[in-house]
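Trainee: For reference, the chains in residue letters:
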Amino acid sequence: METIWFCLVAVMLAMYVVLDGFDLGAGIVHLLVARNDVERRLVLHSIGPVWDGNEVWLLAGGGTLYFAFPALYASSFSGFYLPLMMVLWLLIMRGVSVEFRNHVSGAIWAAFWDGCFALASVLLAIFYGAALGNVVRGVPLDAQGHFFVSLWTNFRVGPNPGVLDWYTVMIGVVALAALTLHGALWVAHKTEGELQSRARFLAAVVWWLVALLTGLITYASFRIQPKLWPNFPAHPWGAVFPALAVAGLFAAIWFSRKRDDLKAFLASCAYLLGMLTSAAFSLYPWVLPASTDASFSLTVHNAKAPEYGLRIGLIWWAIGMALATVYIVFNYRRFSGKVKLPASGEGY
Amino acid sequence: MEEALAVHRLQFAFTATFHYIFPQLTMGLALLIFIMKTVALRTHDDAWNRAARFWAKIFGISFALGVVTGIPMEFQFGTNWSGFSKAAGGVIGQTLGMEGVFSFFLESSFLGLFLFGEKRLGRVGHWFSSLMMFLGSWLSGYLIIATDAWMQHPVGYLVDANGQYGLASFWSLLLNPWALLQYAHNMLGSVQTGCFVMASVGAFYLLGRRYEKFGKLFVRTAVIAGVIAACLQLWPTGDGQGKMVARYQPPALAAMEGLFHTQQGAPVAILGQPDLSKRTLDNPLMVPRALSFFTYRSWAAQVRGLDSFSQSDWPDQVALLYFSYHIMVGLGTIFIAILLIAAWKLFRHKLYDSRAMLWILMLSLPLPFIANTAGWITAETGRQPWLIYGLMRTPQGVSPEVSAGNTWFTLLGFFGTYTVLAILFLYLVYLEIEHGPGEESPGPSSSVPDQSAAQAGGGN
Chain A
0 METIWFCLVA
10 VMLAMYVVLD
20 GFDLGAGIVH
30 LLVARNDVER
40 RLVLHSIGPV
50 WDGNEVWLLA
60 GGGTLYFAFP
70 ALYASSFSGF
80 YLPLMMVLWL
90 LIMRGVSVEF
100 RNHVSGAIWA
110 AFWDGCFALA
120 SVLLAIFYGA
130 ALGNVVRGVP
140 LDAQGHFFVS
150 LWTNFRVGPN
160 PGVLDWYTVM
170 IGVVALAALT
180 LHGALWVAHK
190 TEGELQSRAR
200 FLAAVVWWLV
210 ALLTGLITYA
220 SFRIQPKLWP
230 NFPAHPWGAV
240 FPALAVAGLF
250 AAIWFSRKRD
260 DLKAFLASCA
270 YLLGMLTSAA
280 FSLYPWVLPA
290 STDASFSLTV
300 HNAKAPEYGL
310 RIGLIWWAIG
320 MALATVYIVF
330 NYRRFSGKVK
340 LPASGEGY
Chain B
0 MEEALAVHRL
10 QFAFTATFHY
20 IFPQLTMGLA
30 LLIFIMKTVA
40 LRTHDDAWNR
50 AARFWAKIFG
60 ISFALGVVTG
70 IPMEFQFGTN
80 WSGFSKAAGG
90 VIGQTLGMEG
100 VFSFFLESSF
110 LGLFLFGEKR
120 LGRVGHWFSS
130 LMMFLGSWLS
140 GYLIIATDAW
150 MQHPVGYLVD
160 ANGQYGLASF
170 WSLLLNPWAL
180 LQYAHNMLGS
190 VQTGCFVMAS
200 VGAFYLLGRR
210 YEKFGKLFVR
220 TAVIAGVIAA
230 CLQLWPTGDG
240 QGKMVARYQP
250 PALAAMEGLF
260 HTQQGAPVAI
270 LGQPDLSKRT
280 LDNPLMVPRA
290 LSFFTYRSWA
300 AQVRGLDSFS
310 QSDWPDQVAL
320 LYFSYHIMVG
330 LGTIFIAILL
340 IAAWKLFRHK
350 LYDSRAMLWI
360 LMLSLPLPFI
370 ANTAGWITAE
380 TGRQPWLIYG
390 LMRTPQGVSP
400 EVSAGNTWFT
410 LLGFFGTYTV
420 LAILFLYLVY
430 LEIEHGPGEE
440 SPGPSSSVPD
450 QSAAQAGGGN
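Chains A and B are the protein sequences, given in the same order. Take the first sequence: its position 125, counting from 1, is numbered 124 in numbering that gives the first Met the number 0, and each next residue is one higher. Take the second sequence: its position 265, counting from 1, is numbered 264 in numbering that gives the first Met the number 0, and each next residue is one higher.
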């Protein structure tokens with residue numbers, strides 16, 4: 000039962016990264032590729048109707064995590080207190096920037112919110128990457144399952160690490176690069192003309208960085224966290240996850256060069272999904288490894304909620320997600336195709 | 000540790016209070032907008048569509064702020080209250096998880112369609128999106144209330160070997176009698192917020208002789224819906240909640256009423272300040288025997304005062320609880336009076352010309368927000384010293400590793416962030432009100448010229 004919930008939570012959070020990833024990515028790239036107010040509004044318009052729904056995957060994934068693994072939620076949220084609060088402020092800043100930018104017309108007003116939007120998007124990408132890095136590296140859990148990490152200590156991966164060390168910062172940079180690529184491919188898919196060519200160009204440049212860094216972090220991750228490797232020889236089918244990531248990475252540049260932007264974007268989705276599922280697969284059954292004493296680590300077994308609740312949850316979760324899929328597919332179909340600005344300038 | 004606990008509580012109280020400014024407005028407006036869209040659909044009168052479109056903009060601003068201030072609430076269960084989450088996540092994770100899966104996806108998908116899809120969806124489709132927004136936001140409200148109700152009156156749970164609470168019965172959690180009553184009471188409060196805001200904007204237009212057609216429409220809709228909600232707020236829902244508190248949280252009732260000593264034929268204190276050291280009410284204005292009657296329907300019934308409980312079981316903020324309860328009830332009574340008079344004048348076709356009444360409606364704008372906030376302070380300080388009533392004391396729930404210093408840092412951060420949000424909210428809503436419902440926004444091109452449109456300024 001807990002294994003099912005581990006997979007469901009992992010899928011929900013991976014969906015969050017893939018979906019909110021492109022609107023975060025759009026935020027990262029929009030100051031680079033969109034040069035004037037019309038182009039910036041086009042970029043915002045391409046994510047306007049969906050970004051809020053994408054962010055819901057974080058809330059719903061977080062809610063599901065809370066419900067299925069309360070001990071993990073309690074321990075990790077209080078231990079990562081400071082970075083999570085900063086994530087909250089960034090989410091607030093970003094949400095307000097998108098929603099309020101076009102309520103008032105004025106160059107200074109718009110420029111201010113564009114800046115906030117870009118800054119919050121960049122920082123969020125780095126924070127999310129660093130967060131994943133922290134989970135892979137492990138944290139100094141005590142016997143009661145408590146820990147508290149400060150933002151940084153000595154930037155080393157030791158028994159008493161900070162949120163930021165060389166490894167987690169590196170993962171943060173990978174996340175930033177990967178979401179820049181993802182966002183650029185999305186913008187290329189949703190726009191036309193010069194804006195589209197600039198987005199494609201940016202994607203082509205960033206791709207090299209992503210490819211290089213992906214290789215580096217794979218090596219570094221196995222190096223600093225020896226727990227990751229044994230799942231692969233034990234369950235060789237797990238190789239599909241890294242294979243998906245590699246295939247997605249190469250397909251992204253291939254299709255982007257052929258100007259098939261939708262497929263390039265989908266390939267980038269596959270890359271992100273592959274990377275995250277590889278991480279989840281290699282961590283299982285650990286959900287939060289301890290850097291202090293391996294026996295203090297949180298696993299799906301010692302962090303799960305009691306059995307009856309988990310069984311009941313499966314029923315409502317399945318119904319709820321089936322409904323959600325209907326709305327989401329409907330919503331994306333409604334807003335499919337290239338974006339156009341409405342005549343009145345209303346809305347996003 | 001003591002200081003850390005106080006700061007954790009202050010941060011949760013502050014962020015929750017600020018957050019709830021927005022959902023009470025959006026849940027109330029969701030119903031009113033749905034009513035407007037329904038009337039528009041049935042009567043083919045486009046004024047109702049335009050009225051709905053105007054309120055949808057204010058709804059959109061409030062909704063965005065409700066979302067961004069709501070995310071910290073979910074996070075804080077883990078960040079600041081990890082002891083509580085670890086113990087109770089197996090139960091309240093159900094309702095919080097369901098909120099994510101059932102309401103948030105629904106609301107976020109239909110919000111865009113509702114705000115910007117009027118042209119593409121057509122009449123019925125757009126009406127449907129307003130229905131879905133209404134259902135989504137009210138469902139969200141229910142699941143949050145069910146979570147709070149479990150903390151007020153835990154049911155349907157079991158305790159496992161590690162002292163963790165788990166779910167024993169899904170339906171008892173979901174149909175907790177406390178939740179049903181609290182939900183009805185809370186949603187009526189939310190409808191009154193929507194109504195007073197709508198009436199206030201309507202009265203503002205009528206007094207300023209702008210958009211008079213819409214001003215009348217707003218005032219009429221709001222007064223009719225508001226008077227129904229205000230009466231139901233008092234009875235049966237408020238009365239029922241009072242009895243529930245008397246039965247399950249007697250120390251809270253004694254503190255709310257400022258009743259220090261157990262007595263037969265207990266009075267209701269209308270005014271007075273509790274003095275904890277002398278255990279009396281200063282400057283009291285009492286209605287003799289009324290409390291006994293309201294609580295037990297007998298003028299002579301005995302009501303337990305605070306003296307019949309060990310002081311360690313008293314709510315730790317007696318004065319705050321007493322005042323917030325009195326503010327809630329006092330304002331609720333004033334709302335009934337205002338809305339009954341307004342409804343009477345409306346019925347006699349005198350409301351739109353009664354400047355005094357319009358002034359009162361316009362200036363009432365902040366009152367329902369205060370009343371709703373006071374109501375929640377009553378509920379949550381009344382629950383103290385328990386985090387889960389009868390099961391877990393508040394100090395046990397706090398995150399042990401998060402120091403007072405770190406919490407002060409984030410609390411000050413929230414003060415700053417939310418001050419900016421409050422200013423933005425007021426500014427943007429003011430712009431929408433100045434901009435008015437007269438000018439056309441994108442939607443079906445029903446370009447009925449409105450003489451007031453010429454006055455509409457402000458960009459969009």
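Keep in mind that the hints were calculated from the coordinates and are not lab data. Please read all numbers here as calculations on a predicted model, not as lab measurements. One should not assume that every hint holds.
[To be verified] Chain A regions said to be covered by chain B (calculated; three or more residues, Cβ under 8 Å):
{"hint": "1", "region": "186 to 197"}
{"hint": "2", "region": "222 to 234"}
[As the list claims (entries may be wrong)] Here are the in silico distance ranges between beta carbons for each label pair:
{"hint": "3", "chain 1": "A", "residue 1": "A321", "chain 2": "B", "residue 2": "V419", "range": "48 to 56 Å"}
{"hint": "4", "chain 1": "A", "residue 1": "L322", "chain 2": "B", "residue 2": "L284", "range": "32 to 40 Å"}
{"hint": "5", "chain 1": "B", "residue 1": "L390", "chain 2": "A", "residue 2": "L150", "range": "32 to 40 Å"}
{"hint": "6", "chain 1": "B", "residue 1": "L206", "chain 2": "A", "residue 2": "K339", "range": "55 to 63 Å"}
{"hint": "7", "chain 1": "A", "residue 1": "L313", "chain 2": "B", "residue 2": "W234", "range": "19 to 27 Å"}
{"hint": "8", "chain 1": "A", "residue 1": "W165", "chain 2": "B", "residue 2": "Q272", "range": "27 to 35 Å"}
{"hint": "9", "chain 1": "B", "residue 1": "W234", "chain 2": "A", "residue 2": "L150", "range": "50 to 58 Å"}
{"hint": "10", "chain 1": "B", "residue 1": "L233", "chain 2": "A", "residue 2": "R310", "range": "22 to 30 Å"}
{"hint": "11", "chain 1": "A", "residue 1": "N159", "chain 2": "B", "residue 2": "F414", "range": "30 to 38 Å"}
{"hint": "12", "chain 1": "A", "residue 1": "F329", "chain 2": "B", "residue 2": "G329", "range": "56 to 64 Å"}
{"hint": "13", "chain 1": "A", "residue 1": "E191", "chain 2": "B", "residue 2": "F414", "range": "54 to 62 Å"}
{"hint": "14", "chain 1": "A", "residue 1": "A317", "chain 2": "B", "residue 2": "H260", "range": "49 to 57 Å"}
Here a beta-carbon is modelled for each residue, glycine too, at the ideal position from N, C-alpha and C.
Trainee: Next step is simple, just say for each hint if it's right about the structure.
Mentor: Against the structure, the hints come out as follows:
1. 186 to 197: As far as the region 186 to 197 of chain A goes, the hint is violated, because 0 residues have Cβ atoms under 8 Å from chain B.
2. 222 to 234: violated (count 0)
3. A:A321 with B:V419: 48 to 56 Å: Roughly 39 Å apart at Cβ, these two residues miss the hinted range, so it is violated.
4. A:L322 with B:L284: 32 to 40 Å: violated (54 Å)
5. B:L390 with A:L150: 32 to 40 Å: This hint holds: roughly 35 Å between Cβ atoms.
6. B:L206 with A:K339: 55 to 63 Å: violated (41 Å)
7. A:L313 with B:W234: 19 to 27 Å: violated (42 Å)
8. A:W165 with B:Q272: 27 to 35 Å: For W165 of chain A and Q272 of chain B the Cβ distance comes to about 60 Å; the hint is violated.
9. B:W234 with A:L150: 50 to 58 Å: holds (54 Å)
10. B:L233 with A:R310: 22 to 30 Å: violated (42 Å)
11. A:N159 with B:F414: 30 to 38 Å: Once the Cβ atoms are compared, 32 Å apart, the range 30 to 38 Å for F414 of chain B and N159 of chain A holds.
12. A:F329 with B:G329: 56 to 64 Å: Given about 47 Å between the Cβ atoms, the range is violated.
13. A:E191 with B:F414: 54 to 62 Å: Since the Cβ atoms of E191 of chain A and F414 of chain B sit about 45 Å apart, the hinted range of 54 to 62 Å is violated.
14. A:A317 with B:H260: 49 to 57 Å: Distance hint for A317 of chain A, H260 of chain B holds at roughly 56 Å.
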